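**Student:** Below are the chains, spelled out letter by letter.
There are 2 protein chains.
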Amino acid sequence: MKHIDIVHVLKQEPSLHEITVRGWVRSFRSNRFIALNDGSTINNIQCVVDFENFEEETLKNITTGAAIEVSGVLVESQGQGQNVEIQVSKVEVLGIADPEEVKLTILSPKRHSLEKLREQAHLRVRTNTFGAVMRLRSKLSFAVHEYFQKNGFYYMHTPIITGSDAEGAGEMFKVSALDTKNPPLDDHGNVNYKEDFFEKETNLTVSGQLEAETYAMGLGKVYTFGPTFRAENSNTSRHLAEFWMIEPEVAFNNLADNMDLAEDFIKYVIKYAIENCQDDLEFLENRLIQEDKSKPVAERQEMTLREKLHFVVDNNFKRVSYTEAIDILKNSKPNKKKKFNYIIEEWGADLQSEHERFLVEKHFKCPVILFDYPATIKAFYMRLNEDEKTVRAMDVLFPGIGEIVGGSQREERYDVLKKKMKDMDISEEELYWYLDLRKFGTCTHSGFGLGFERLVLFVTGMGNIRDVIPYPRSPGNAEF
Amino acid sequence: MKHIDIVHVLKQEPSLHEITVRGWVRSFRSNRFIALNDGSTINNIQCVVDFENFEEETLKNITTGAAIEVSGVLVESQGQGQNVEIQVSKVEVLGIADPEEVKLTILSPKRHSLEKLREQAHLRVRTNTFGAVMRLRSKLSFAVHEYFQKNGFYYMHTPIITGSDAEGAGEMFKVSALDTKNPPLDDHGNVNYKEDFFEKETNLTVSGQLEAETYAMGLGKVYTFGPTFRAENSNTSRHLAEFWMIEPEVAFNNLADNMDLAEDFIKYVIKYAIENCQDDLEFLENRLIQEDKSKPVAERQEMTLREKLHFVVDNNFKRVSYTEAIDILKNSKPNKKKKFNYIIEEWGADLQSEHERFLVEKHFKCPVILFDYPATIKAFYMRLNEDEKTVRAMDVLFPGIGEIVGGSQREERYDVLKKKMKDMDISEEELYWYLDLRKFGTCTHSGFGLGFERLVLFVTGMGNIRDVIPYPRSPGNAEF
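Quick mapping for you: the protein sequence lines, in order, are chains P and U.
Each residue of the first sequence is one higher than the one before, counting from 1 in the UniProt record's numbering.
Each residue of the second sequence is one higher than the one before, counting from 1 in the UniProt record's numbering.
Keep in mind that the hints were calculated from the coordinates and are not lab data.
Quick caveat: nothing in here was measured; it's all calculated off a predicted structure.
There's no promise every hint is true.
One copy or two, either will do: identical chains are not told apart, so a pair holds if it fits within one copy or between any two.
[Stated by the list, open to error] Each computed BS3-like pair below joins lysine-lysine, with the alpha-carbon atoms no more than 30 Å apart:
id, residue 1, residue 2
1, Lys103, Lys293
2, Lys150, Lys271
3, Lys181, Lys200
4, Lys103, Lys439
5, Lys293, Lys339
6, Lys181, Lys194
7, Lys271, Lys2
8, Lys418, Lys60
9, Lys293, Lys271
10, Lys422, Lys439
11, Lys271, Lys181
12, Lys110, Lys293
13, Lys337, Lys378
14, Lys336, Lys365
15, Lys439, Lys116
16, Lys333, Lys389
17, Lys60, Lys419
18, Lys150, Lys420
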């Protein structure tokens with residue numbers, strides 16, 4: 001008989017019509033109550049077995065982690081927390097899970113640390129926490145696509161392997177098909193990349209922005225959603241060597257339009273999660289409440305997870321110029337009392353995470369968009385303001401997360417861009433195609449990048465970015 | 001004034017309300033008719049200028065490729081092919097396109113070969129053909145997500161950088177952050193990957209299947225949609241070194257379910273394109289009709305592009321076992337007359353593209369699903385049939401494209417899989433986590449991979465896979 005996903009079964013009314021479900025045993029109490037989960041929802045269906053009617057051999061194999069098929073009728077549940085349960089007429093063990101072996105894994109029914117779960121990343125999606133996180137990740141991904149498609153953006157796949165290393169967003173991984181031990185050398189004794197697969201040196205992309213700009217100049221509104229890479233030795237809870245980035249790029253948008261887009265977009269996807277992932281969010285919220293109980297009162301969250309999400313959706317992001325932000329920071333208590341690791345002394349300073357968090361968490365107490373940064377601390381492609389000191393850059397800062405979006409209005413003037421590239425030693429020859437955009441029908445345009453994992457961190461309330469991607473890549477770690 | 005996307009303007013009724021559009025000039029006829037395109041649709045809006053009311057300097061700069069802003073009222077069009085046009089009251093040139101420079105590019109108004117367009121891939125999206133192809137690519141991508149999300153699948157991001165090279169789907173690219181010229185060596189004089197970023201040798205993934213299986217065992221139904229790589233020197237019109245793959249994986253699905261899923265899925269996304277990309281499909285269809293006119297009658301397409309798409313959506317895919325297919329091929333004319341390059345002599349032969357195309361294009365004249373292939377020519381993870389000779393593999397074959405989907409029911413039996421890995425010399429130590437899936441609640445499960453670019457090729461009717469991805473990667477080519 002065709003089986004039904006448990007998420008649908010749980011919404012059905014009791015009926016005499018027999019149904020079949022398949023899934024994995026979460027627990028089997030009193031030789032009578034099977035809690036069965038199939039991943040379609042965080043909720044289990046309770047399957048009630050009248051043990052006298054079943055073979056002992058079968059019952060013996062219904063243990064935590066086993067895959068089983070259950071048939072029966074759906075009846076009103078006597079227990080708490082569920083409306084319906086299955087009165088089992090037939091049960092078949094599809095795949096056993098030897099309790100002695102299970103004991104050695106994170107599938108065993110006790111609390112495991114997140115570090116332990118990370119070591120068994122191939123099994124952790126079977127736990128409530130990771131099931132919830134990964135279902136949310138999936139729904140958020142879809143919300144991203146839905147938002148852009150509804151608003152007339154075209155999705156584009158920018159290249160992963162790139163021959164250009166001009167963008168300078170970070171250290172790059174090299175890609176090669178050469179024999180690493182004995183690579184061919186040229187006349188100067190350097191590795192001869194002319195003999196490599198692409199006949200040149202290639203890297204993994206750090207951003208699809210420059211290519212996205214080429215498409216915005218043809219299709220108008222585009223977005224990317226793909227993997228990007230940083231070969232940086234950042235062993236933190238907020239950095240990954242491989243992560244997914246979303247980069248919209250819009251012809252004719254100025255910086256104000258860009259800020260509007262970022263805010264509207266973020267609110268849309270968070271709202272989508274609130275509306276479509278209630279059960280998983282409730283679980284993750286309770287997880288955080290439990291976690292908080294072991295903390296000193298002063299360190300506990302002021303808002304629950306869903307309150308925090310609603311807060312973002314319901315309030316305007318505060319827009320503050322870099323210059324205003326510097327004034328606020330200079331006059332702030334932690335600056336005056338030298339509590340910051342980096343004391344803000346003058347305009348032009350690069351903001352550190354501690355400053356961003358002060359602005360967002362202490363001063364404004366809401367998401368903040370900082371804009372018009374000093375040109376000296378930002379990338380070559382950002383549009384120079386009339387003051388010739390600042391560029392039309394923007395960063396969206398989130399509580400607990402810090403920078404979640406970085407974007408800008410792009411320099412659309414051929415001569416200005418060319419001079420900037422020269423000043424910053426960026427090869428005009430290599431980026432001729434990027435300059436071409438300013439030669440043929442150039443126009444005001446803007447875009448931003450959003451690190452998808454940071455968004456998932458925020459929405460799930462998880463603390464470590466390695467726990468919101470299935471198989472995290474970080475220094476020393478490329479397991480699975 | 002806020003501008004409106006041209007796709008929306010073209011659907012509006014004439015009105016005295018002034019509107020603004022922005023876009024790029026496709027042509028400017030008789031100092032009077034501007035054809036303006038903004039990428040939101042293949043269709044241009046005609047903007048009618050009363051040249052006596054505008055400065056000569058402005059009019060001079062309205063040339064092919066220039067970016068302009070136009071304001072005016074929408075009136076009924078006198079010309080053919082459009083319902084409305086803009087009676088221009090104001091025009092501003094945002095970015096010029098020097099006709100002398102344009103002449104040197106593919107933006108110049110004459111026919112350019114696809115090869116030439118490929119060399120200027122940063123500009124080609126501004127042509128009708130590539131605008132249409134890339135809009136279709138975007139819509140097809142969304143259809144992929146919508147299909148799976150509607151059907152309760154969870155999207156997962158499988159790792160791009162992988163420490164495993166066990167799958168054997170093809171040659172891999174190496175990823176490294178080491179100094180390639182002077183890499184650190186170990187005691188044996190080999191490159192010491194312990195000093196590399198991930199402290200081991202790493203590659204670019206060839207498939208996310210094995211990781212997707214781990215998630216199917218927790219979430220039930222999952223799919224991937226991400227880039228995959230092959231370092232193979234295949235300089236053909238059907239191969240890329242970097243391409244996007246879709247890989248659903250479903251717990252409890254057997255091979256018949258898997259075939260149903262593949263067929264249902266493909267029909268859904270093609271239907272989505274038919275319904276949501278009418279203008280672009282019409283353009284591409286006419287393009288093919290024009291192209292056909294220069295061919296001998298015998299080589300012309302029997303069906304138009306949209307007829308071909310409808311044919312796939314409206315007909316059942318023919319399901320044929322490998323054994324039946326061999327019989328058909330052995331007795332076929334081209335085999336008997338030795339017209340095939342590879343003559344089919346006996347059961348066990350690997351099918352070549354020419355055989356697949358014969359089955360699909362000559363014999364069955366519809367999409368075909370071949371299944372139950374000899375174990376010896378298929379991957380280690382495919383489920384062995386009771387005959388112990390064949391495995392539960394399936395390939396979906398499309399006219400003109402060949403293999404568009406490859407999939408299988410997976411070997412879920414621990415002992416059988418272990419033996420198979422041993423026989424095929426696949427490291428048990430490296431894939432311990434894959435074997436674990438067969439230890440803890442194993443179950444029947446199946447999945448497949450669909451090369452996204454092959455699907456886009458089919459739907460757009462383009463002839464070369466390099467023309468359906470923005471920046472193709474192939475031997476000797478990693479430009480942009």
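**Student:** Find the hints from earlier in the document that the structure breaks and name them by number, from lowest to highest.
**Tutor:** Hints 11, 18 are the ones this structure does not satisfy, whereas the remaining hints hold.
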